[in-house]
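Start from the sequences, fold in the hints, and give me the full structure.
So for the sequence shown, UniProt numbering puts the first residue at 1; every next one is plus one.
If you are wondering where the hints come from, they were derived from the structure by calculation, not from laboratory data. Be aware that one or more of the hints could be misleading.
[What the hints assert, rightly or not] Heads up, simulated SDA-like pairs for lysine to any residue below, C-alpha to C-alpha not over 20 angstroms straight-line: (1) 144 - 94; (2) 170 - 189; (3) 195 - 162; (4) 124 - 75; (5) 279 - 56; (6) 140 - 111.
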Amino acid sequence: MWVLGPSFDPPLINPLPAYTTPEVVAELLTELKALGIHRIDTAARYLPTNPGASERLLGEARAAHEGFTIDTKILIAGDGAGSLEPAPINRSLHESYARLGLEETVSICQAPVNVLYCHGPDMKTPLEEQASGLDAQYRKGLFKQLGVSNFSAEMLEQFIAICEREGYLKPSVYQGQYNIVCCASEETLFPILRKHGIAFNAFSPLAGGFPTGRLTEGVTEGTRFDAGNVMGQAFRIWYDKPAMHDATHGISKVEACLRWVCFHSALGPGDRVILGASKPAQLAPNLAAIGNGRLPEEVVKAMDAIWASVA
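Dropping the structure here:
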């Protein structure tokens, strides 16, 4: 089992849009097993242009039956209004079970879904109603842990307070974007997570794939920066910064970013990194890069300067 340094748990994998058939997904699962990775992160909304496709492909490839732990997220559409009412929560979770090919159980410890996330905030539904609806599904034995994503620090604190007051299940995992150019959460969010013992699962550790240099070189076709990718423009806005184009003392940008997240960031024990790869063959080199351990001090200083330049 691959460990991201002495204080880190094994990484999670988020299947990317390139995996479009059960056969290709099965190839990915074989590679993951060989690398000692057994946890997959998905969502009812993935892919954004074809909601449910990611779960369906994982189900057709029998990921859960092959020994993989599955985390998924409640379906969210538009601005999320109404998505965390009890009825939509129930519907989304049962539809996820069907797509993933899972069997429902009344035992929480045997629940096929490991972490069930709120994919984003629902500003319409009262938090009390959201917490009650999520707790009801948990007590049916349909998932083991509650997670949240994209909640503001203030909303998270309010949600936790309600759960503590009413005896509802509290979130134990927060999934958020975190990398060398997106680490503002260290100041606003992390203190709350540490106070309540909530683990942080970091997605986009490679800053949306920017360090690969394809955008730097003006070659975006077929990448997540492609104009045809609905997220491509957002990635450009987030990461197309002059400081991101600087060299890192002979270490590839990909390796530098991965090693920074794993060994020099604010992540700590119990936190995890969510990796993605457009091809199974990309996984082994990325894990090998992480295996090189801490970065040279001069590289760390140069990378910390990146955050200072884009903050």
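Structure-based check of each hint:
The hinted pair formed by residue 144 and residue 94 meets the criterion: a straight-line CA distance of about 15 angstroms does not exceed 20 angstroms. This hinted pair checks out: residue 170 and residue 189 have alpha carbons roughly 16 angstroms apart, not beyond 20 angstroms. Between residue 195 and residue 162 the alpha-carbon distance is near 16 angstroms, which keeps this suggested pair within the 20 angstroms criterion. The hinted pair formed by residue 124 and residue 75 meets the criterion: a straight-line CA distance of about 15 angstroms does not exceed 20 angstroms.
Pair hint residue 279 plus residue 56 holds up; C-alpha atoms about 19 angstroms apart against a cutoff of 20 angstroms. Of the pairs offered as hints, the one joining residue 140 and residue 111 holds, with about 9 angstroms between alpha carbons and a cut-off of 20 angstroms not exceeded.
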